[in-house]
Amino acid sequence: MTRFLLLFAALLVGLLAAELTPPLQRAVVEPWTALLARASVALVTLFDSHAAASGKVILSTANGFAISIEAGCNGVEAAIVLISAMLAFPAPWKHRAIGILAGLLAVQLLNVVRVISLFYLGQWSTRAFEWAHLYVWQGLIMLDVLIVWLVWIRTLPTAAPFAAGVAPRTAGAS
Amino acid sequence: MNLDFVSASRASRQARVFLAIGAVAAGLASQSALAQTYLGTNQPFAVMGATAVTCVVASAVSGDLGISPNGAASITGYPVPPCTVTGTIHAADGVALTAQTDLVTAYNTLSSLSCTANLSGQDLGTVGVLIPGVYCFNSSAQLTGALILDAGGDPNAAFVFKIGSTLTTAAGASVSVINGGSACGVSWRVGSSATLGTTTALLGNIVALTSITGNTGSSVGGRALARNGAVTLSGNVDNICGAYGGTGIPAGLVPGGGSKAVPTLSQWAMILLAVLLALIGYLAMRRKSR
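Residue numbers (this note's numbering), protein chains in the order written: chain A, 30 to 203; chain B, 100 to 389.
No lab work stands behind these hints: they were computed from the structure. Incorrect hints may appear among the rest.
Claimed, not checked - Among the chain B residues that face chain A by a calculated CB cut under 7 angstroms, a handful are:
(1) Q366
(2) A368
(3) L372
(4) A373
(5) L376
(6) A377
(7) L378
(8) M384
The structure presented is a predicted model; accordingly, all values stated were derived computationally and were not measured. C-beta: ideal position from N, C-alpha, C; glycine also.
With the sequences and hints as input, model every part of the structure.
Shown next, in the form of structure tokens:
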């Protein structure tokens with residue numbers, strides 16, 4: 030169990046540190062952030078022709094309102110916490126891979142909904158925007174990650190050698 | 100009794116591990132939440148040109164110097180003293196190409212902003228002290244004398260000048276930011292070319308559609324970025340924007356912009372999430388081990 034905690038800590042620190050390095054920022058985080066903005070605006074333009082994306086900025090051409098998706102606003106950190114936990118937890122690699130994919134999907138899909146909702150909330154009321162951004166959506170993102178984590182743990186095979194606190198040595202160990 | 104002591108000690112150790120995970124994660128997350136400007140990968144650049152970058156007389160570039168699509172053959176003077184470059188030179192490489200692509204995005208971002216005021220026909224040296232906002236010129240803009248920008252105590256205050264065609268400054272013209280602002284929050288979107296008169300001291304990022312010329316003794320505290328043409332310098336360009344925390348777009352147009360970087364998860368949310376995941380994982384392992 031201590032091994033899980035230590036491995037979780039090490040992975041979390043390692044992945045967050047790696048995410049901050051300029052090469053990864055340029056190669057992954059910034060393109061991902063721009064992609065998130067484009068995906069959000071693609072969805073918005075299905076029903077609103079006054080939305081446009083410019084890099085990580087989503088603009089309303091009707092009233093000039095814009096939101097900027099910053100480095101910490103792209104859901105990457107939330108995904109890293111979940112991925113670190115899944116990698117540290119003793120489980121077959123197949124389950125880990127499925128869990129990570131499902132987790133990434135859950136976090137990023139919800140983040141797109143978050144961005145779109147904030148885009149419209151901000152046009153309606155700055156106070157509502159701040160409230161939703163600071164409180165409501167943080168809680169929802171956390172809940173999303175926790176649900177994925179709980180469901181994933183429940184679906185793990187029970188025969189894994191948890192008692193020893195050691196991860197299975199082979200992918201087919203379960 | 101002994102068993103209780105052992106489990107309390109173990110629990111205490113595990114609690115410390117939980118806290119350590121959270122604290123380290125929070126420290127890292129707070130760094131990543133720093134805001135970035137609309138310039139994207141142009142941020143390390145002091146100078147970016149498309150067709151040529153030329154040092155006419157002694158001038159210093161503090162920051163990266165890039166050119167794309169033309170290559171190294173179109174860089175004249177740099178980095179041979181007295182034409183110096185303290186950063187890296189990117190000539191038609193991947194970095195320069197990406198930066199030029201981002202420059203198009205940056206130009207379009209600035210172009211899309213709504214005007215706070217239209218100053219067409221006025222000399223920027225006569226408009227008085229300006230507060231953060233987007234100031235537009237239908238065609239050319241001229242600066243004679245001093246332009247003062249009042250940040251109103253906001254270190255991330257943003258001033259955008261949207262100029263339809265040329266930006267020209269007279270000899271000795273100057274731009275200054277007062278009341279806690281930063282040169283890095285000033286942006287000049289120039290619809291064609293910018294020409295800085297001799298000994299002009301300009302602050303901010305020039306994002307020009309065509310070319311930028313800095314005459315003898317001129318200086319730019321910020322960046323000189325040209326999309327389609329040349330950057331020709333007889334003066335210095337110093338990219339002093341490394342620590343700027345704002346978006347470069349006035350806060351009224353970007354809720355939560357400026358110093359308010361509000362990430363998906365705050366530091367404390369990251370700590371809480373990491374601790375909860377660790378706790379749930381720990382309990383699940385204990386349960387399954389029984």
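**Message:** Interface hint check: M384/B, Cβ to nearest Cβ on chain A, cutoff 7 angstroms. Holds or violated?
**Reply:** 5 angstroms, holds
Against chain A, is L372/B within 7 angstroms by beta-carbon distance? The hint holds - L372/B has a Cβ within 7 angstroms of chain A, the shortest such distance being about 5 angstroms.
| request: Mind checking the CB of L376/B against every CB in chain A and telling me if the closest is under 7 angstroms? | output: 4 angstroms, holds
**Q.** Hinted contact L378/B with chain A - closest CB pair below 7 angstroms
**A.** The hint is violated - L378/B has no Cβ within 7 angstroms of chain A, the shortest such distance being about 10 angstroms.
Is the hint on A377/B kept, meaning its closest Cβ partner in chain A is under 7 angstroms away? Holds: closest Cβ of chain A sits about 6 angstroms from A377/B, inside 7 angstroms.
- [ ] Return the status of the interface hint for A368/B: holds when the least beta-carbon distance to chain A is below 7 angstroms, violated otherwise.
- [x] 5 angstroms, holds
task = May I ask you to test the interface hint for Q366/B with respect to chain A, counting a Cβ-Cβ separation under 7 angstroms as satisfied?
result = Check failed: Cβ of Q366/B comes no nearer than 10 angstroms to chain A, outside 7 angstroms.
Return the status of the interface hint for A373/B: holds when the least beta-carbon distance to chain A is below 7 angstroms, violated otherwise.
5 angstroms, holds
Violated hints, in rising order: 1 and 7; the structure is consistent with all others.
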